[in-house]
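Student: Construct all of the structure, not just a fragment, from the sequences and the given hints.
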Amino acid sequence: MSEYYFDGKGKAFRPIIVVLMARACNIHHNNSRDMQASQRTIALIAEMIHTASLVHDDVIDDASSRRGKHTVNKIWGEKKAVLAGDLILSAASIALARIGNTTVISILTQVIEDLVRGEFLQLGSKENENERFAHYLEKTFKKTASLIANSCKAVSVLGCPDPAVHEIAYQYGKNVGIAFQVGQLLCQSVARWYGGPGGRDAGVVVLVTALSPSHQLIDDVLDFTSCSDQMGKPTSADLKLGLATGPVLFACQQFPEMNAMIMRRFSLPGDVDRARQYVLQSDGVQQTTYLAQRYCHEAIREISKLRPSPEREALIQLSEIVLTRDK
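Just so you know, we're using full-length UniProt numbering here: the sequence shown kicks off at 1 and counts up by one.
Quick list of in silico lysine-lysine cross-link-like pairs, PhoX-like style, CA-CA up to 20 angstroms:
#1 240 x 126
#2 139 x 240
#3 126 x 139
#4 74 x 240
#5 69 x 80
Keep in mind that the hints were calculated from the coordinates and are not lab data.
Tutor: Here it is in structure tokens:
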């Protein structure tokens, strides 16, 4: 069960961005592209924490499909799924403890708390319209961006003693995490730029080109603009779960009648279909895309502070191409 999502068909965005960030920070500090074993371990830990969160999320949401196949809870039941997620988290905790760096341990344990708090935020809603977007972005940070931001910070701490570099890594990961999870079209472009087959970076290129698309704010857009086959999961899923994402919140500014739907979490018959139509009639999709672009641009601004390197340029490329994803 715990190996079910480690089948090579996931996005693997987190480990690849952590590897690139580790190398970029190492080059910035001492002009060395060599990675420490502890930095590689952080990349593995990040993917393990993410995978455990997927297993637990699917139980909470009673989801039946992910990545185009049945969820763990659908196949083995909720009790075993919860235990499988716990087992993955325990393995990640053991690997983290073995690194032996108390600063890094503190950084990454914050992620676990953020994931839980983010899930609680998702279960609630704000009555005040002005507070809803702040609530939405805070939830997005805790559930998605915290893991990326703190993983990037952790490898920077291991590779460079400069606190300014640690903050650059954190801010890049935070903005990237809110904005996107990298996809196939994006990664193919990075791979073509980053190096060819057989070079010293061939392993990284192969991993990069194996990724498939996703994007957190854009994921919210695609819930309204893509079909289930493209997404690998049912569309309008967030509405069916009672969640008001970016496109919905922007649409609500044009269609105030959506306020009542948001507060009752789209629970009445016809709410989901009506809300979807309001979103498609509004500029909610466009406004959410613009918001994602702003976060991408901020990520580029942060990472550009590091010394030029192929890894830094790859991180910039990831931010620049992300908005072309279609699933």
